[in-house]
Amino acid sequence: MKTRTRNFLGQLLTLYIPLVPFILFSLFPFYFMVITSFKADGELYNLKANPFIIQLSPTHPDYSGGPTLEHYQLLLRDTPFLTWLFNSVLVSVLATAISIVIAILAAYSLARLRFRGAPSFGTAVFITYLVPTTLLFLPLAQVVNRLGLADSVWALIVTYPTFLVPFCTWLLLGYFRTIPQEIEECAMVDGCTRFQALIRIVLPVAIPGIACAVLFAFTISWNEFIYALTFISSTAQKTTTVGVTAELIRGDIFYWGSLMAGAVLGSIPIVLVYVVFMDYYVSGLTQGAIK
Amino acid sequence: MPTGALEQKPRSFETTTAVRAPVQDPFRKKMSLFFQREHVLGYTLIAPAFVLLGVLVAWPFCMALYFSVTDSWVGQPGAYIGLRNYWNLLHDAIFIQTLQNSFVFTFSAVLLKTVLGMALALLLFRTVRFKKWVRGAVLLPWVIPTALSTLGWWWMFDSLYSVFNWTLIHLGLVQVGPNWLGTPYLAKIAVITVNVWRGLPFFAITMLAGLVSIPRELYEAAKTDGAGAWARFWYITVPMLKPVLAIIILFSTIFTFSDFNIVYVLTRGGPINSTHLFATLANQIGLQSGKIGEGAAVSLFMFPILVLVVYFQLRFVRKE
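For the record, the sequence lines run as chains R and H. The first sequence finishes on residue 276 if you use the working numbering, and the numbering steps up by one all the way, no holes. The second sequence finishes on residue 322 if you use the working numbering, and the numbering steps up by one all the way, no holes.
Just chain H, same shape as in the assembly (with noise of 0.2 Å):
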């Protein structure tokens, strides 16, 4: 651990550098001297991070708390209103069916991500030939912004045009294709095949990672052994990726909850609410009605939802 050989660094290497250093001059010798004290150094150079982080996170968040609990519009500020806002929220038809709506959207899209995710990862790990290509290909969505790539899917999914639709009906299978984006139960599907198919290029590269650290002797040690391929994988393979898989889970799990992108391009959160997430209600009440304070209070309690969420993985984490 690097902490400990910082222990162990002698204390006396400050003084004897600035007695080596080129400096003549008395006060500019002082100064030296003092920024190469070690905390003096240490709080110099955190300092940006510092005030960049706390004017521009940890104050809007407070912002955030002030406003959730005033009746605020944008641009004028509101009078002290207590929980009320939250008390309404937890009253409100929409914001109930858009908490619905974001524990099925990221229980399903990160479900489907890690199972696809990891016989992805299995087949990437045995690919020998044209590995460059069939990676570089399996990254590409990641890459792409998800604004502009969810565009190419509402095409794909357009009411009329619809390519999948085309393809129903030439195959035979349907005379009239469904309305993807106008039907709820489909509208949810759709949102979430666009989430798993930008989600997994993350989960596939990042659990291949995981696969090519796992030592080769123990799948040799469990074959002569006499284990079979399946017995190999659930007993060795995925154990052995734990810990990279709640990693991963921990952070796709808070990205997909708090997910904006996809929703508002594809949807906007239609048809009938079914596919609001926090951020986009958040987004429609607070920006597009004016309502700040009521807009502040649906982001924030995402808060308490992912603050527990990260809890229970990470001590998830520790204990393997």
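For reference, chain R alone in the conformation it holds in the complex (with noise of 0.2 Å):
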């Protein structure tokens, strides 16, 4: 008994406590934007009230209300935030279904098939995945205008498989090398095409890797600024991660509980994604180091 106490002491201190700074560090923006969004003007705007609460009791001098939800109301009733958390969802699926197919059979045909020029096309895919965003914006910027695709969401339904694409491929490839030749090869000689083994056999054996690829797709493609922010410039056509930091600041005046409102909301979709899927973030980013 004395020495599971001792032990329990031990560990308190050593490990429990050292991890504290590290949490509050990790997970005070967010409560801070939470309890932001929820705070009335009259208690958001006053200096002496206590900024890490919402004052509940009537009877304090800093007591306006209590929680309220007018900035959630002014985002969804001044902004078209709908809009832009419709076009983020619909960028985010479509580009992420588009990178993985064109992954899929990039990394099959890279870690598979025997060809010219296989292995430089593998480093290239390489080198693209190194390469920034911020690098190529403002000439494919131009390339989206000529495409005649500028304002429009399809400008980046075409433009984030880019980044997309050499991510997953390369994902995927190590993930195809794991499996066993043999499957496919019994498949084959069993009278499948090598296509078919591909779909029938390969697939469905790397679900889980294929997983990892979609959700950190969706995730890249959800959390994606630079591009939306200068390929766009309608109002109508923007995402969330856009719309929110471009919209909610007018002239001087900024509206801050509904910038935290809409950064909440914005956030709410990928956490949702984050919290069911957990084991397969941890899983994806201790095999393929991501951005």
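Treat the hints as calculated values from the structure; they're not laboratory data. Accuracy of the hints is not assured; some may be wrong.
Said to hold, decoys possible - Covered by chain H, per the in silico footprint, the following chain R stretches (three or more residues, Cβ under 8 Å):
{"no.": "1", "region": "25 to 37"}
{"no.": "2", "region": "97 to 111"}
{"no.": "3", "region": "203 to 209"}
Claimed, not checked - Estimated spans, in silico, between C-beta atoms of each pair:
{"no.": "4", "chain 1": "R", "residue 1": "P3", "chain 2": "H", "residue 2": "E222", "range": "21 to 31 Å"}
{"no.": "5", "chain 1": "R", "residue 1": "L67", "chain 2": "H", "residue 2": "W232", "range": "52 to 62 Å"}
{"no.": "6", "chain 1": "R", "residue 1": "R162", "chain 2": "H", "residue 2": "P217", "range": "17 to 27 Å"}
{"no.": "7", "chain 1": "H", "residue 1": "D73", "chain 2": "R", "residue 2": "S268", "range": "32 to 42 Å"}
{"no.": "8", "chain 1": "H", "residue 1": "V130", "chain 2": "R", "residue 2": "G51", "range": "38 to 48 Å"}
{"no.": "9", "chain 1": "R", "residue 1": "P52", "chain 2": "H", "residue 2": "G184", "range": "30 to 40 Å"}
As the list claims (entries may be wrong) - Which bits of chain R does chain H cover? Going by a derived footprint, with three or more residues having C-beta under 8 Å, they are:
{"no.": "10", "region": "139 to 153"}
{"no.": "11", "region": "237 to 247"}
Positions of the beta carbon are idealized from the N, C-alpha and C atoms, including for glycine.
Got two chains here, each in a separate frame; can you build the complex from them with the hints?
Put into structure tokens, the structure is as follows:
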């Protein structure tokens, strides 16, 4: 009993207490965003009021009505927030779907087939994986113009695969290599073509790897900012990240409450995905090393 | 190695399968045979990726090179002016400032992320109770859209209502809180803080994976030989983590150096250009002022620097 107590104390001192500042650092900004988004303006812009909490006691001098939904109402009523949300979903889903299909084909080809130029293409994919989006956004904006996609969500659906495909190909390439060749070869001996073997045998086995690639691709698309900011100017075509950051500041007026409400609502979909599939995120991070 | 296994694969598979495949129509049979040849199928499967990367990566890259040697404005092509854009930039105080900012920003942020990430990974490694919750909480900043979470930080650094200033004042440490985003060196600290906050999960979780893969026997052997905790860390953990560390640092250096979101949302490069990075400056010159030639040159300045980083890091990884 004594050793157990001492063990527990030791753990508390060397492990759980040192963890506290890290977890606070990690979570405090979210807590603060949420609390701000529910705080009435009277209290929000009161320099004396405690910013960490919403005053609930009506007798307190800083009390101004407790938690409120007014910032969320302003966001949903006065801005096309739901349109942005819809655009984000559309862009992320389509860009992810396109990229995954292209990446599966390319990764399979690089992992299993021998043909001239395959190794150099593999290297090229790795290099484009390392090219940051901020290096090419200026000329890419011109290319998008020339393709007639300027100022529409399609500009994003077409350009997001440029960073998703190298990333997913790289992730899947590693995954395909861990699948034993024999199972495909058996299928081919039994009369499958190679392509059929890919669809019927390899893909079902590779589902965990593909799920991981899908999750990361969706997350990266949802969070993308610079292309969405520079390729699109009409309010109705914007995605959530850009809409919230750009449209809730009018001149010198900052709608802080609604800004925070937008940030919270814009993060919720990805947080939900994250909570459900957390193990995939962790395993993907440890396998692939991601942007 | 899978490549070795590939080499030994019998060459006769395609023909065997083709004979057995239920194809009646002679034309379809011919096509099917054609597509089953390994190199044909290889090129076919890779073609979509090849076209995409050619049209939307290689071509824009060439366009960037072209723009950077012209005096183009957005929407109107300009004349060839040689390397004058680059030359002018090297004599431009704002660009030099940006160059300096980028190095300070990248170096401090990556260093802090490495040190704090290592500490956090070691703690996570020993966490047994609430393991899933702790990891989930730690990884969250990395999952949320950076542009949106940076809005939260912006509000926390607000000149008037900053929560940090409220705390400092109420702890009696200062009379008037500092203007975080209005003072050059404080703005730099703010930008670095947000970057570290956002990147720390990536470091911690990947290093944790590295830690898990170190064989326990090494530590036990060292313990029996009388090595203390610090010696075990320095002579076992660090060398064993080196390859993982090199890869993480490579990625982080590239994406910290080319960062855009945090600076754009938090400071727009200000005050007095003290937080501009290549990407934000390129955006300001190339799109907001419309001088796309000069903007492209700013972006492309990143390229040789990144190539050098990749070259040295990969050489280091290979040696390990």
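Practice task
Report the numbers of all earlier hints that the structure fails to satisfy, in ascending order.
Solution key: As far as the earlier hints go, only 7 is violated by this structure.
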